[in-house]
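Listed below, chain by chain, are the residues.
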Amino acid sequence: MNQPSYQVKSPLDFELKTEDFAFAGAREKQNQILRPSVSYWQDAWRRLKKNKAAILAIIVLAVVVIMCIIGPSLTPYSHEDVVMSDKNSPPSAVHYFGTDKLGRDIFTRIWVGGRVSLTLGIVGALIDITVGLLYGGISSYFGGNIDNIMMRIVEILASIPYLVLVVLVSLVVGKGMGSLLIAMTLTGWCHMARLVRGQILQIKDQEYILAARALGTSPWKIIWKHLIPNTLGVMIVSVTFDIPSFIFGEAFLSFIGLGVQAPMTSWGALAAGAQQEMNFYPYQMFFPALLISLTMLSFQMLGDGLRDALDPKLRQ
Amino acid sequence: MLKYILKRVGYTLLALFIITTATFFLVRLIPGNPIEAMTEKLPDSIRQQFFEQYGFDKPLTEQYKLFWENLLTKGDLGESLKYRGRKVTDTIAQYAPVSGRLGLQAIAIGVVSGIILGILSALNRGKLVDYLVMFIAIFGISIPNFVIASLLQYFLSIKLGWFPTTGWGTFSYTVLPSLALSLNSTAKYARYMRANCLDVLNQDYIITAKAKGMGKTHLIFKHVLRNSILPIITLLGPQIALMFGGAFVVEKIFSIPGLGSYFVSSVSDRDYTMIMGQTIFMAALYIFAVLVVDILYGFIDPRIRLADTKEGGN
Amino acid sequence: MKKNLSFLLALTLVCTSLVMGGCGSQEEKKPEADQQTTPQTTQAAQTTQAAQTTDKEDTSTKREQVLNVPFDNEPDSLDLARVSDSSSATVASQIIEGLTSVVTVNGADKAEPCMAESWDVSDDQLTWTFHLRDAQWADGVPVKAQDFVYGITRVLNPETASPISANIKFIKNAMDVVEGTKPLTEAGIKAIDDKTLEIQLDYPVPYFLEACAGTAMFPVRQDLVEKYGTSYGTEADKIVGNGPFVLDEWIHTSSLSFSKNPTYWNADAVKLEKLNFKIISEATARVGEFENGGLDYVSADTAEWIEQLESSGKYVKETINLPRTQYIFFNQEVELFSNAKVRQAFSIALDREEIQRDISQNLEKAAYGWIPPSMALDGTNFRELAGEPVQELIAANPDPKALLIEGLKELGMDEDPSKITIQLMCRNTTTVFAEYLQHNYNAKLGVNIELDPVEWPVFQERNRNLDYEMGYKSYGADFNDPSSMMDLWITGTKTVPTAWSSPTYDELLTTAEKSIDKELRAKNFVEAERIVLEEATIIPYAYSTSNIFYQPYVKNIMNPQFTATLFKYAYIEE
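Chains as they are written, first to last, in this note's numbering: chain A, 1 to 316; chain B, 1001 to 1314; chain C, 2001 to 2574.
Among the clues, some could well be false.
[Said to hold, decoys possible] Capping the alpha-carbon separation at 25 angstroms, the derived lysine to any residue pairs in SDA-like fashion look like this: (1) A:Lys49 <-> B:Phe1139; (2) C:Lys2317 <-> A:Glu277; (3) A:Lys87 <-> A:Ile59; (4) C:Lys2473 <-> C:Val2496; (5) B:Lys1087 <-> C:Leu2224; (6) B:Lys1058 <-> C:Thr2160; (7) C:Lys2317 <-> A:Asn279; (8) C:Lys2227 <-> B:Gly1078.
[Claimed, not checked] Here's a subset of chain C near chain B, in silico, CB distances under 8 angstroms, partners left out: (9) Asp2248; (10) Glu2249; (11) Ile2251; (12) Thr2253; (13) Ser2257; (14) Gly2288; (15) Glu2455; (16) Gln2460; (17) Thr2491.
In short, the hints are calculated from the structure, not lab data. Keep in mind that this is a model prediction, so the values were computed, not measured. Here a beta-carbon is modelled for each residue, glycine too, at the ideal position from N, C-alpha and C.
Using the sequences provided together with the hints, build the complete structure.
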């Protein structure tokens, strides 16, 4: 309410004029609601820019993504090219990251594998967030018994040991990226749904929502202008933290032989495959492990930065 | 409170029932069956006899009914299909303590070092120590388990010979796997502790205490530690339970006879009864750990009744 | 230098006298047995090591007769009738002894009498009468002929559903009993009295005495099986043996520890006081443990490990040719593979030397036949009899692609190989060879191969259901006779179904297997193998070997080809 429709230069030269009490035009009304939400993102961006770690993370991730796109075409090899005479050669000017036991170029394979790992991570996180947003949204919107039942279901699903479920389901649905995604997202969305619901319930009771309601703002407008922007921040943060857990999950499955299958490869598969030979060809494990760690690290730092930037309330 | 507890116990049992049922059918949907994992030199008649011996020739619904009958009336989860003659319950009783010890040691290391690092970093906020600790913490969750485990094994055992390479027995056997397993939780707790410390440090009563001239160390032990340790308990419950299954990789690399590595091999052997038994055990443990923590938490901090516990992932 | 030499001399003297003393009670064993494990043993490393160990302190601990042995897998169960894994057989073979046991003497395997002191055989070689020696189980109960009868009929009993019953299919009526068409009492085994056992066979079996050492013919105590029920053999205290060692402790998936059995009939020949099996599934950890002295031998399965262990110069290496062949097989219900020329093209297009050199890094040997070179037919090396049929096939058809196109023409299919896509079923754990095949066949035949990686049980199930196009695996013989490998391709054998069937092949084998005429057997087996390889029913590409490294003070561990490793004569050199 203490939010005048015009810019206040300083509280001291505050002066009331007659035109201040004129009815607001439609145009002004639009501005009135739009401007704070625009400045929210601008504000967030400004805060994020100040966070050196987050900016570094963005740069690293951008480089990784760009390399995954163009990397394989930077070498004359394809990720499947078998050259037996070149097997297990250490990093050199010819093979930047060396070759594996079939003489395939690891540099090329890393970026091809990166496509798989990153796609799994991003698509997985998007599935999680979409299902979570829908489920949590519906649950908290309808409230009452529906909310109660839906949340009990989530509680039960979330109580299934995650890895056990992933292992069993990935065996049942078969191999391939799609099946891996199904297995890993089957209960993965549960915590998203809870998060969304918690957020919406929290915001629903905030004073400014109450005020908007009292002022007669329609529910859809409240959802669009207040609820979504306010949950979006938290959602983006959780997506950032969710992506690495998919990359990790895939690496784990690769280690026990259930990850993506040859001839496809991934960072997890590359690292797991090289683990046996670590004593002899440490570089074969070093590069995929480095990329997994670097990506994880970047997503963590970016996530931290985004949380600080997007959700000052949650800042810890 | 009692009503709340009863309600929660009710849900827990329902969840267990659903998990058990789902696993029962999931396991049988997995392509490949236990006898294929045994030997290829089997005459058809033997294969038939094997299936009959374990009742796999009966319709699924009947097998399902029989499973509950045995479980509820005799507490019997059946006999392993691979390690023929071994009772599933005996096997779990034998392997669980190993995983349990490994998990508890890892958690102990994780909690203690996490708390220390977290406090250190909170007290030195914005200084080099803070950045260093946070870097370690983030790094800890950024390296896959099997990489850490292999590196520890390679350098500290094979190269330097400080610890046994593999196996299980005296304390020295447990050091490397516990370390490998604890890095993740160290990182988690350090971050958590730092955030909580900062939170508490900004509270009015701390400012009051400071204003009164209370020393820093005293402050930490008297107020900060006590108040920020509470949320750690919530994380602890699920963590303990997850340890039982979450140590797959570490157990495999160090050849530790624990439930984690056993579960993975049961899956690849299609040992239906073992998979069932272990899933039920791990799920029950996890659910009860969360339940107990929630109830305890309700007692400790009456403001929170339905603590929103998050799934820990891996 | 002089000191070292005299030390060596003393060493040799001490151990020779020890072993010879131990051998005294045996009639069969020759004194040369203790000289070395096999002729392939590398000796050079020993001298240097002997010199080194003299001034090391830990030699004193090594003088104890304790052997630490690596083990890949947890044994399934010591109730041998119910399991088929080699780990179980190895463990059980240290604590239980059959009528005979197979020992390796100068690189050759031979059966020596154990529970049987002597035996008679009928002229038609179908009736064997064994005279048991006065031996007892570790709990003091005497070993009786009835224990053997019980053990063998238990394997044949349909209620046991024993996975190893086919190992003794030569016993009279054995397979009918397994199928349930004849009662247990019809099986050709009976106890004439407590110490006399009579076994009747369906057909003459040249390797019968070796087979008597197998786990399917072990004696079993009926009273103990009845006492423990299904848990018989699942724990160290739920099994009693009659062999050289007693199982003291069994920590599942971790370790097994044995000690010398004082009541063993030949206890004087057993030097080891303790025997420990450590179960370690990771190769890195196994070798690491070996190098740190925690293990007394280790088998190295990659060229890198072998190079590392060899270059250290500290260890004694032994290379063993396993009776195992690795091969590619086709589902011949798939139209493409129903044509012999197509299959031949796939066989010829395989560069077996490249596989040996680059894929297995000389750990395996290029295979141009189905029967591995370590196997014999009635005492003659089979490969010497049969030559190298695949090499002849390659020589006769230098251009595999032309042969493939010819085959496609015969089938009436599109003659462009690049339009063909084949699913190659492989195991999901290692796909290196599959990726090599993919590359190789694309380069040489122009066909496209897609990998179809699956888990082992799925692989087996799909193989059995003919739900695949092409796959590869290996097969190991159970006994030293070509029939062990050749039976696989007889019509109706469902071990590795390929939908291939040849009445000539079936006829050749069945007559050879029932015959005692050595010439006929040789002729038929050689011809039958030729059929399989010329029709390219399967494509063998490598013979497996195993490379074992010993600490220099470890002596006389026996690795027979077809039965479990034996530690009863092993000892630590002082």
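Here's how the hints hold up against the structure:
1. A:Lys49 <-> B:Phe1139: Given pair Lys49 of chain A, Phe1139 of chain B holds - Cα atoms ~22 angstroms apart, limit 25 angstroms.
2. C:Lys2317 <-> A:Glu277: OK: Lys2317 of chain C and Glu277 of chain A at ~21 angstroms, within 25 angstroms.
3. A:Lys87 <-> A:Ile59: Given that 25 angstroms is the threshold and the Cα spacing comes to 34 angstroms, the pair is violated.
4. C:Lys2473 <-> C:Val2496: holds (10 angstroms)
5. B:Lys1087 <-> C:Leu2224: holds (18 angstroms)
6. B:Lys1058 <-> C:Thr2160: holds (19 angstroms)
7. C:Lys2317 <-> A:Asn279: holds (21 angstroms)
8. C:Lys2227 <-> B:Gly1078: holds (19 angstroms)
9. Asp2248: Constraint on Asp2248 of chain C not satisfied, violated at 15 angstroms.
10. Glu2249: violated (12 angstroms)
11. Ile2251: holds (7 angstroms)
12. Thr2253: This interface hint holds because 4 angstroms falls under the 8 angstroms limit.
13. Ser2257: Since the shortest Cβ distance to chain B is 12 angstroms, the answer is violated.
14. Gly2288: Holds, about 4 angstroms.
15. Glu2455: Result: holds, 6 angstroms to nearest chain B Cβ.
16. Gln2460: Interface hint status for Gln2460 of chain C: holds (4 angstroms vs cutoff 8 angstroms).
17. Thr2491: violated (14 angstroms)
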